Structure formats: structure tokens, C-alpha cells
Amino acid sequence: MRFKMMAAALAASVTLPFAGVASATDLEVTHWWTSGGEAAAVAELAKAFDATGNHWIDGAIAGSGGTARPIMISRITGGDPMGATQFNHGRQAEELVQAGLMRDLTDVATKGKWTEVVRPKSLLDSCTIDGKIYCVPVNIHSWQWLWLSNEAFEKAGVPVPKNWDELVAAAPALEKAGIVPLAVGGQPWQSSGAFDVLMAAIGGKDTFLKVYEAKDAEFAAGPDIAKVFKAADDARKMAKNTNVQDWNQATNMVITGKAAAQIMGDWAQGEFQVAGKTAGKDYSCLPGLGLNPMIATGGDAFYFPLLKDEEKSKAQGVLAETLLDPKTQVAFNLKKGSLPVRGDVDLNAANDCMKKGLDILAKGDVMPWTDQLLSQDTQKQKEDLFSEFFANQSMTPEDAQKRFADIIGSAD
Amino acid sequence: MNVANASVSVQDLSLSFGSVTVLKSLNLDVAEGEFVVLLGPSGCGKSTLLNCIAGLLDISDGRIFIKGKNVTWEEPADRGIGMVFQSYALYPQMTVEKNLSFGLRVAGTPKDEIDKRIARAAEILQIGPLLQRKPAALSGGQRQRVAIGRALVRDVDVFLFDEPLSNLDAKLRSELRVEIKRLHQKLANTMIYVTHDQIEAMTLADRIAVMRGGVIQQFDAPQVIYNRPVNRFVAGFLGSPGMNFLDGRLENDGGWHFVAGELKVPLASYDFEREPSPGASVFGIRPEHVGLNSGSGWPFTAQASVDVVEPMGSDTLVWLKLADQNFTVRVTSERAPQSGESVEIGFDPMRASLFDEQGNRL
Amino acid sequence: MSVSMKSERPSRLFRNLNAKIASVPMILTALVVFVGGTAWTVLYSFTNSRLLPRLNFVGLDQYYRLWAAPRWLVSIENLLIYGVLSLIFSLVIGFLLAAMLDRKIRFEDTFRTIFLYPFALSFIVTGLVWQWLLNPEFGIQGVIRGLGWESFNFDPLYNSSIVIYGVLIAALWQGTGLVMCLMLAGLRGIDEDIWKAARVDGIPTWRTYVSIIIPMMRPVFITTLVIIASGIVKVYDLVVAQTSGGPGIASEVPAKYVYDYMFFAQNLGQGFAASTMMLLTVVIVIVPWAYLEFGRRGRT
Amino acid sequence: MSNPAVLSSTIAGADAVRGELSGPRGPKPRSVLSRRNIFLYGTLFLVAVYYLLPLYVMVVTSLKGMPEIRLGNIFSPPVEITFEPWVKAWSTACTGLNCDGLSRGFWNSVRITVPSVILSIALASVNGYALANWRFKGADIFFTILIVGAFIPYQVMLYPIVIILREIGLYGSLWGLVLVHSIFGMPILTLLFRNYFASLPDELFRAARVDGAGFWGIYLRIMVPMSMPIFVVALIIQITGIWNDFLFGVVYTRPDTYPMTVQLNNIVNSVQGVKEYNVNMAATLITGLVPLIIYFVSGKLFVRGIAAGAVKG
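One line per chain: the protein sequences are R, D, G and S, in this order. In the working numbering, each number is its position in the first sequence, counted from 1, plus 97. In the working numbering, each number is its position in the second sequence, counted from 1, plus 10. In the working numbering, each number is its position in the third sequence, counted from 1, plus 34. In the working numbering, each number is its position in the fourth sequence, counted from 1, plus 8.
One or more hints might be untrue.
[Stated by the list, open to error] Cut-off 27 Å, straight-line C-alpha distance, at most; resulting in silico cross-link-like pairs (DSS-like, lysine-lysine):
{"hint": "1", "chain 1": "D", "residue 1": "K144", "chain 2": "S", "residue 2": "K308"}
{"hint": "2", "chain 1": "R", "residue 1": "K337", "chain 2": "S", "residue 2": "K283"}
{"hint": "3", "chain 1": "R", "residue 1": "K452", "chain 2": "R", "residue 2": "K259"}
{"hint": "4", "chain 1": "S", "residue 1": "K283", "chain 2": "R", "residue 2": "K378"}
{"hint": "5", "chain 1": "R", "residue 1": "K327", "chain 2": "R", "residue 2": "K378"}
{"hint": "6", "chain 1": "S", "residue 1": "K283", "chain 2": "R", "residue 2": "K355"}
{"hint": "7", "chain 1": "R", "residue 1": "K302", "chain 2": "R", "residue 2": "K334"}
{"hint": "8", "chain 1": "D", "residue 1": "K181", "chain 2": "D", "residue 2": "K196"}
{"hint": "9", "chain 1": "R", "residue 1": "K424", "chain 2": "R", "residue 2": "K218"}
{"hint": "10", "chain 1": "S", "residue 1": "K283", "chain 2": "R", "residue 2": "K252"}
{"hint": "11", "chain 1": "R", "residue 1": "K374", "chain 2": "R", "residue 2": "K210"}
{"hint": "12", "chain 1": "R", "residue 1": "K411", "chain 2": "R", "residue 2": "K229"}
{"hint": "13", "chain 1": "S", "residue 1": "K145", "chain 2": "G", "residue 2": "K138"}
{"hint": "14", "chain 1": "S", "residue 1": "K145", "chain 2": "G", "residue 2": "K54"}
{"hint": "15", "chain 1": "R", "residue 1": "K273", "chain 2": "R", "residue 2": "K327"}
{"hint": "16", "chain 1": "R", "residue 1": "K327", "chain 2": "R", "residue 2": "K337"}
{"hint": "17", "chain 1": "D", "residue 1": "K34", "chain 2": "S", "residue 2": "K308"}
{"hint": "18", "chain 1": "S", "residue 1": "K283", "chain 2": "R", "residue 2": "K334"}
{"hint": "19", "chain 1": "R", "residue 1": "K374", "chain 2": "S", "residue 2": "K308"}
No wet-lab data here; the hints were simulated from the structure. For clarity, every value in this text was computed on a predicted model and none was experimentally measured.
The whole structure should be built from the sequences, with the hints applied where relevant.
If you want it as C-alpha cells, here you go:
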């Protein structure tokens, strides 16, 4: 019986791909949003775009930006560009723009008065090269969050910490209860990102900018940063039993109470939501690790390769408009767990954590993030360093700091 | 011989692979309808020469004419040759009939013509019942017959055989040898036949070309080659057991003599090729040209002691010590001596071959 | 000479013309893709190309940086360990299995199929399965601990110092079947008389293998070596699927460094410099040998 | 002057193969229950377990439900067999917005594999034939380059290939990918074919030339029909290699023609909350099914084909 059903299912699904062909302009959109919360958010964008009479062809490539980006870049440089593609805004697409491969969106932006609605303004600045606008920011993602499992602390019999230092203090109790105090997945960008968060939280905005914007290697080798490395050392000790790779598996450890905390961007919130958890009740969040509440204005943006096809170019314009449409912004960002890029939208539906973020944003406590400040090359070197630092307990914070300073010294 | 009336003419042919020269400025003219055997030890270049004639190897220098036509750079198929290989080289996936007709089909010969030729070849070679079989289902002799048939159907002027019988056992070999001879008599085609087997060479050839080191040593009728070898190599290569060679000196004391130790052979009856001069030389005589204890009647006799006696059925080989050198004599079995015995040998110096220090015939 | 020279020696170029035409794809592949691609890569390794290749020369900067990068050094070390061990183990295991199968055993087909099937699976699949089997929580370690041996410790993928051996286990699982197959084919190609002769001479079996059979199988070993070695240099998918280079950078390999720096870090120049180093090593090791093996031979 | 040992087996390619595979050649084992036999079979059995374990775990896991996986150990057989993971992997697993599982990729893989296998084998066999039988000046140099090319990591070549494909206008098309597969399959396949053709008796080739067959005539009418064993080997290697390819499939095509492995990667790597190991394993098995079946069915032909000359240097 079961076999028959399966066979039928197989047969049905085989014929499907050849069935539906859309009549409106098809636009292929590539991105690397494939986790539960991310996929749900993309679905909102697709829905909004389809509603304009066009058709969103989804080109999701799993495995984070590292897998997806080379494919996207190859296709753009190889002369077979997609209709639109996700990049982290910042410096990733700079050269593609300079090579004249990307479409200038200034006309669409002027029409939609983007300069007025996009907030904070720095987002649009990242999209602007030589006075022309080349990308559409869709959300603000900030890294500086500490996610806490209320259940884990309850189990360990300690109060839910209010900041990073309290978490460090609670670690022994957590470990005794068989709970991993801090979940850090094995992917290199996670440890690297966690370190940046620690720097911003412990050192503050000025320290952060001095290292990453001014690229002051001497300062990076100095005592201020040594403090950050000390904290990173605490972090890796707490994280040493994590044993997972993906960020959302690490998040899942917090969701299920196997781990007490995770330093992760606001996109983690999407996972809590998908799991049906409520902010404040099941989990807590501490922006800026509870030390230094700030919002980094990193985030995602869509870029539009220059296409020859008139129809498609027109559809690109429509998509660009749609992405910044207030309704789309709300729907997308609620699912994604990120903050909208326009200040004039109604986010009543937002949960506790999101509201915290919005408040900080409203106060203007914003800072740029490494995506905007550092080249991918420097980022990668940093990732190599911190993934080694977090995995290899025998590497001293001093050694790591020395290498870190070298990287900053040669950064561009 | 003039190129125009030679069936196959090879002129100044050289072949080298890199720095290795395999054939050196070689000349060979084969007459119409002639059966020529290329004979020599392995590595002498005889198969290479055949492959050059067939067009299977690109030569480095020289020219090749077949039927008066310069075919030096023609494709093998356009040279009017048929070739039979040592390993038969039958196409394993084709039936005998397909094997026979492959070349004709490639050339686009009409179907009825193909059938006619196959029928004829099958009749000549008596392979009619095998036509629908695959080569794997044939015996060695049958395979070789098919291989010959493949050359036959092409209706060519020149047949090339590349050691066609070496993969067969002794009995089959002699059977097929006769058959090839019969075939030649019947077809009267020009045939060039490569072998290292001197019996095949002697029995089949109109003329034999003895080769060594890429050079033809002697090219003549089998009897001439056998009886008047031009050099020591040719003399030693033909005949089994090989020719006896005695090292000694040529001396002239009132007539030419060959002297080795106590042995002194008068050479009055020897037909010198050129004016001899005194000095080191080699005296050669074939074992079958020597008599043993046969009394008088020989122009020359000498005493020798028997070393080993080898009965070979029809006759017996007697290994002797003559002037402290090895010497063999072939005698009929009933006249065989005992080992250790002292015997008298006799021969006619007229039948001997004398060579100078360089091994060339005197 | 009574006959005129009709056919002149044809131009060298047109000799074997069809063979040359048929070899055009090969020649193009060799020249355009392999030589051309390599030359292009080497050229751009002297530039500071980032996301897109640009001819902005910076001399040997990329190489200085490469050899100063701890991750590159770890990668090289890993490739050495992995390469040497996987070469030795796959040859030894492959040969032993083949020798065992060659001993007139029953169920030879079954055993052979079992040893060979992993080769049908991609490295991605291999990596995933072994990642799972070696997972300390519910893989082999977990199961054995569950049986009561609490202190049992086997977590190669989560232990920096032995992680490369964890990768090796999976690689051997996937690759030895093919080696066995090649070896078995080689053993089957050896004349049975050799065995008889060895037996008559009273040579022990192991000695026959070592002194007679293995030397006779030289061509098989060479083909096998080409296949294994080319796989080793290229190892990438397996590491990505199994460990992603972790923990930390403990299981990084050169091919992954190349890929990561070209595409993640968007530093083509650095990726090309690493590629060039890999190519250089390959060329130094392979070319003299390949030329001797495949080039100088022929014309028999 | 050929070696008689080779010549004796020249009667037929098929014949030669049969001869070589007449059976095991090793020394004859002693009585059934000798210590030696126990050791032999014992070792083989243990090794077989090592080889089968991962497959067993994959199959067993793919038939379990998630709760059972979380509780039980990976080696225990499923308490309750469910085909749910298989159905999900095939038809409903999601990547981004596309929730049609592996089914879409399956046909793409077929469309990629078939022409790639045909073209790559056609090219490599002609190359091998030209190298073995029609040696021309310089051929060896190209062949050496090709063999060295086998050692170049694909990642290194990604970028130059993008440029080449762009210049010839094949980037992003199915034919571009077919070409890439043919190029990268060329070194090893050419080596195999060259070795095989070189092991065939040269006299057959000469006989065919005397019969008037040209380069292509000999290839098609003499060589190919005699070379089924090596074609089978090449077929198996290529089908497996191309079917399992991920890198080229993802870089040189577009999403609507992504092969199955890309979908596998998407399913396995796009973690939605908890890793669904059962679905992952089912997806893995489904993806590996085509090459696995080929191996289980034709394993014998594979060894036979390799024995028939592919490894004779």
C-alpha cells in the first residue's frame, strides 16, 4: 500500500516541472536564504512581486553566502546574469558595479524618493557609488544580540543574565547542569562575528571604528583590544562543547535549552518564531550584549545586473519598487526578524525583541558594521583566525591578538 | 633490373626512428610472379621492410615502386597489395565472410562481385564451410587460411606475408607451407614472404634475401645462397646444423692452402671469388658435405676424434674435434661411430667456403 | 629511371591528417584549457585582483602573504599527511583485498561489489554519512558509550589534532574499492605459469607477491597512482561536506584555500597564487615522470 | 616483430578478455576449514562490514521517523518503518521557495548526464585511438599535458572556464556544461582508452589499413566493436562522475537546469530548525541511486573491462 502511494507521489512530482509556464515577465532572483525563517520571508517578497503581474523565479542556493556568491558572480561575469540577486550591502558588489555590469537604479530611486524614506541614511550610502544608486536595501540586520534560553537558566537555577558579564559568571552553574553556556557553531563567520560583537559591546562604538574603520593596527594590538580578547577567551571556553556547524543548529540548541545563550544576529529571531517561541517568555534577548545597546546597520540588499532585455529591465524596476514598498517591508521583516529600512512603516506586530531594536534605531544609536568597513578578503582572514582561535584552546589570546593586529595592519 | 618490369622495386630505402637507423639505403627488385623470401634473425629489419612496402610505415628516405608505379606515399590500400599477418589479424567481431569482404566493402565493390570473389577464394582455400563462423571458432590453420583468403579476394598483384606460419605447430606449418607453394604456382602472383625459418625460405623461395642489421647481405636463388654464401653470416645462418667453421690461415707455398694447426687443406679446386692473399681466414664446410670413414675417394682426408654422437632418426650428427676445433659431420645412422673413437673424415675443398678476416667470401 | 616520380613526399602537416583533425579537441583542451587556463592563472597571481581579474601587478606580494598565512601552512601539512597516508593505505588495502579476492574464494562477486559500491557515491554523500557516523553524540562513540563503555572516546571530527584522520577514514571507504578493482584486474592479467613456477621453486606466497607479482604489475600501479594521486591533490568536496575545514582550520586543504580565497574572500590574486603553488608542485612532481612514462615511449 | 605472448591472445578482443578472466589466478587455497581460510574469510567479512555499515545506517535512518532517530542509536533497525522521508525528499523538501524535492533535479541530471557521457566518451575514445594507433609528432606532448591536467584542482579552473565559455557563448547553457564535463573527463578517459587500444594487436590495425579502411573506418568498424569492455568502464566512470558532480552543475548552469546534487545540497544544507536526518539520508540515497544501481548491476563488467587492457601501461 505504502509503496503504491509512494510510486504515485513520485510519478506526480516527476511530471510537475514541465507543467506550469508563466506568461508574465519572469525574473530570476538568486539568494542564499534557505533556513526556515529566511525562506518564509523570501516567500513574502515573491508574493508581493507576483502580485504586480510578474513572476518571481526563485534561485535559492543553500550553504550561506560563501557557496552562493561565487555562483552569482560567475553568472554575472560569465554573461548569463539573473534578474536580481542578493548581496550583503557594502563592499561585496563594488567591483561588479565598477565593471559596469550592474544596473543603475537612480531613476527608480528618485521616483520613489528613496533618499527620504530609507533610514538610517547610511544604508543608501552603501548602495551609492559615484553618486548613483545600485542596490535596494531590504532590511537592517544587526549582529549585536545575545539570545538566552530562559528554560536553561531555570534548570541551572540561576537568574537570566542581564548582560555578558553575568552570563560569564553563570557559566559554571550551567555547565554543572549539563548545559552548554554559549553556543557557537563551527562555521567560521560565526566566531568571527561573535568577536566583533564582543568588541562593539565591550569596547564601544569608538573602539570598534578605530580598529575597523581607521584600521589602526597599533591600537588593535593594545590593551583595549586585549580586554576584548579576554572576553573572547571566556566565550570559547563556554562554547567548547557546542559540536554543531550551522548557526541555526546552534540557535536550535538555545531554543531547546541545550545551550543557554548564543551571540547571533537578529535573524536568529526568525528561528525562535518558526519554533513557536515567544520573546520574553521562552527566550530573552540582549542587544549589545546588554552592555552597549547599539544597532549595526548591516543587512541585505538586492542588486540588479544590467540586462539587455527591455521587458526584464522594466520588471527589475518593478521589483526594486516592490522591495521598498511599506507593506512588503513589514511582511518581509516580520518573518525575517530584521528591521525595516524605512521609518514610516507600522510595526505593531513586532515582538519584544524587535521593538527593542526599533527603539534603539529611533534613538539613532547606529553604527556601521564590518561588511561595510572591511573587504571580504580581510573578513576571510579574520574568519580564519577566529575559527582557529575558537577551536584550538591552546592558542593564547595574546597570540591571537598579535595576528589580529597584523590582519588589521594589512587590511584595506 | 629495370623499374618498369619489376613487380616491386625498392630504391635507396632508409628508415630511422629518432637516432636509431633500422633500414640503411636498401635496394630490392622483385620480378613479376617471383616468390621472394626475406630471411634473417629477429631484429634484422625484414618485417620492417615488408611494412614499408605495404605502406604501414612511413619511410625516411628512398622510393618504392609497385608495378612500375611510385607508391612511396600511397595509402596501403592503394598499392595493389594483400598482406597476411603472423597473428592472422582477423577481425574478431566479424564472421569469416565479413572478414574476407571487409576490404571490398570499404572500397565499395558491388555485392555480386564480392560474392564471386569470396566464392573463388573459399574454393581455392577450401574454407567454404567456415564462412559463417567467427574467428574465435576456428583452429589456427583455418584462421591462417582465412587470413590468406583476405589477401586473395583483393585480387592484387603482390602478396606480402609477415611470418604467416610461426604461430602454428610444426605439422600444420609444413602442411600450410606446401599449400602456399601450391597457391603461388596456381596464381603466379608476386609474393614477398618474411620468415626467420630457413626451411620455409629454402622450400618456398625463388630468391632469398638474407638480411642483417637492416642491410640485405645476399639476394639470390636458394641454392646459390646455400652453396656460395657471400659472407660468414649468411653461411652460418643457413643450414642446420650450421656450417663448420675452422679458424686458420691462408698460405701460398706452391699453391694456396688453408692451414689450421696440423691441418693443411689444399685449395687447388676451390673457386676463388677474388685474388686471395695470405693471412688469417676462416674455412667453412657444411656437415653434409663431409664423409666419415668412407675410405678413399675424397680429395682431402684427415684424422679426428669423436666427441659426442647425436642420433636424429634418419641420420646422426657426429661432433668431432678437428685441429682442436669443433666440427660436425652428418652421417647415416648405420655409419655412426662411438664417442671417443678416432675417425677419418674426408671432403672436397671445392664445396667449401673461404672467408677473409672480415667474414667476406674469398 | 624510366618511371617519372608521381608521388612526392607529402607535406608533414597533412600526413595523418584525419588523426590530427580527430585530435583537435584534445589539442584544444590541452592548450586552451589546461595550458591557457594555467598561464592565465599564473599571470593573475602576480596581480592584486579582487572580485574581478585585473592586470594590476604587485609582484610577489600574494606569495609572501600566502606563505605567511597559518591556514595555508596547515593546509599544506594536512595535504601531506592525507596524501601520503591515503596513497599508502589505499594501495596497501586495495592490493590486499584484491589478493584475497584472487585466492579462488567463494562469493567473490559479492565481496567485490561490496567493496566497490562506495565509489558510486559522491564525496559529498561520503562526507555526510561519515560526518554522521563519527558524530560523538549519536555516532559510533555515542553508540558504544550507550553500551556501557562510558569513557570510550572516538571523535575525530571534533578533535583538531586527529580530524584529518577522520577525513582519511571516509576517503578510504570511498576510494579503496576502485584501487582493489584495478589491482584485481592486474592480478588477473598475470600468467598462471608464474604462480606454478613460484610454487615449483618453493617460494612462499607472500614472497611471490612481493618479489614477482608486484614488480610485474608496474603498469597497473602506475595507472592506479595517477588516479589516486590526482584525486588527492583535488580533495575538496569531502572536506567541505564532512568538516568544512574544522574544527577551526584543522582540516583545511589547499584546494579549499584556493576556493575560499577566490570566492569567499573575493581575493582572486591570493587564490591564484595558491593555485599556482599547487600547480607548481604538481608540475615538479608529475611532468618529468609523465613525460618518461607516456611521452618517450611508443614506436616499437 | 611482435611478442608472441601477446599475439597468442590476439584472436579476438572478446577472446582475450575471456582468457584473462578465466578465473582467479592466485595460489589454490587449502581445505575449507583450514586456519588460513578462516583468517581469509574472517578478514573479508570484517572489511565487508566496514564497507556496508554506512549504507546500512543510511537505509535504516531513512526509514525511521524523527522522534525515533533522536532517541535510538543509529545502528538499531527502525521500530516502525516509514517511507515518509523518501516521499518528502523526492517531492516536497524545500529549498528557498521551491518545494518540489529532488524530483525536479532528477530529470535535469538525466538531461545533463546523457549528452555529457556520450560526448566525453566519444572524444576520449577517438583521442585514445589516435594516440595509440596514429601517432603523430607532438601528440605525446599534448597527452602529457592532458595527464598533468588531471591533477589540476577543478576550483583553479573555474574562473578561466567561465571566461572561455563566455567567449564562445555557451555560458549558462546545457551545452556549456556538457563541454565542461567532456573537458574534465578527458584526461583519465583518454588514458584508459589509449592503454586499451594499445593493448589490442597492432596487426589488426595494419590489416584494416591494407584493406583500405581509413582513420574513421578503422575506428568505427574495427576498434569500437572490439572495445566493448573499455566502453563499459568509461560509461560507468562517466555516469557516476557526472551524476555526482556538484561544482560544475551549480556554477555553469542556471537554477532551472540544476542537477540533482544541487538540490541534495540545498536540502541537506538548508537546515530548517532541526536537521531532518531521515530526509537527508533518503535524499542522499535517492541521489546516489542511479550510480549505485549501475555499480550493483555492472560491477562485474567493470572489473572485466579494466582487466581487458585499461591498466596495461
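**Item:** Structure versus earlier hints, numbers of those that do not hold, lowest first
**Value:** Failing hints, ascending: 5, 11, 13, 17, 19.
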